[in-house]
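Let the sequences and hints guide you as you build the complete structure.
Counting from 1, position 174 in the sequence shown corresponds to residue 228 in the working numbering; the numbering is continuous, with no gaps.
Among the clues, some could well be false.
The calculated label-pair distances, taken between Cβ atoms and stated as ranges, are [what the hints assert, rightly or not]: (1) Thr101 x Lys319: 16 to 26 Å; (2) Lys169 x Arg67: 14 to 24 Å; (3) Gly305 x Asp178: 32 to 42 Å; (4) Tyr256 x Ala123: 22 to 32 Å.
For the record, the hints were derived by calculation from the structure and aren't laboratory data.
Note that the structure is predicted; figures quoted are calculated from it, not measured.
Note that CB positions come from ideal geometry on N, CA and C, so glycine has one too.
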Amino acid sequence: MTPQDRHDSAEHRLGTVGIAHRPVGRREATAANLAWWDADADDYQATHGEFLGDADFVWCPEGVREADAALLGDVRGKRVVEIGCGQAACARWLAEAGAHPVALDLSGGMLRHAKEANIRTGIDIPLLQASAEELPLATAGMDLACSAFGALPFVASPETVFGELHRVLRPGGRWVFAVTHPMRWVFPDDPGPNGLTATQPYFDRTPYVEVDAEGRATYVEYHRTLGDWVRALTAGGFVLEDLVEPEWPAGHTRCWGQWSPLRGKLFPGTAIFVTRRAPR
55 MTPQDRHDSA EHRLGTVGIA HRPVGRREAT AANLAWWDAD ADDYQATHGE FLGDADFVWC
115 PEGVREADAA LLGDVRGKRV VEIGCGQAAC ARWLAEAGAH PVALDLSGGM LRHAKEANIR
175 TGIDIPLLQA SAEELPLATA GMDLACSAFG ALPFVASPET VFGELHRVLR PGGRWVFAVT
235 HPMRWVFPDD PGPNGLTATQ PYFDRTPYVE VDAEGRATYV EYHRTLGDWV RALTAGGFVL
295 EDLVEPEWPA GHTRCWGQWS PLRGKLFPGT AIFVTRRAPR
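Shown next as structure tokens:
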């Protein structure tokens, strides 16, 4: 999710007046991003719903689909949790593929769209409103976990999320997630030529924050380097099996925020981490 994707109507409703780079703790980040995604849910779905589908598993703006990539392996009969599900199209695809999914998101606005899509498709996915840092799931109750650009860029502590996932996954359970490629932090969020010049230090982990007139956060996004992600996974009890950096596909002309054919020809936009829960 980038500034180009975020719509003026949400910024207006939340009173966003500017941008800051400052530390943001868990409570402030959770409150800001809950309000943001509730405010932006309708516009987000109107903009991206057709591309994402009602029952399709699209990992990233480059268009990598689970049906082709099989990053989760054989999902038939598996219990799966989708973290940061949005409209829950991925969970519906998993159900059609023979899995037993549950979909979780912080935003009630997003889950409203998920409920509507459940009714529209006739695929009734269980929906949970919760933070990825506090999963309302039983210990060792899941075989797989996945997240396609959901939750992780917006949480203060990925270590907490990974710790929770280690708890709810059975030993050997796979955890696969897609996030913006960390090197994108270096460049402005511009799909055109201005987005080809590095302006931000890669090693600056200060969050990107949008604020209202009183300085309260209305949107928060965190940056982690590739090494940060690997260390957090290791600390959380996961083994990294693969790191997928999708290339921009030939003939793919869709721009999604900072993702564009121009930039995609030169450097990656997405990092997909394929991991397994290690026994402790």
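Now for the hints, and whether the structure bears them out:
1. Thr101 x Lys319: 16 to 26 Å: Once the Cβ atoms are compared, 24 Å apart, the range 16 to 26 Å for Lys319 and Thr101 holds.
2. Lys169 x Arg67: 14 to 24 Å: Once the Cβ atoms are compared, 22 Å apart, the range 14 to 24 Å for Arg67 and Lys169 holds.
3. Gly305 x Asp178: 32 to 42 Å: holds, 36 Å
4. Tyr256 x Ala123: 22 to 32 Å: Between Tyr256 and Ala123, where Cβ atoms are some 27 Å apart, the hint holds.
Against the hints set out earlier in the document, no violation occurs for any number.
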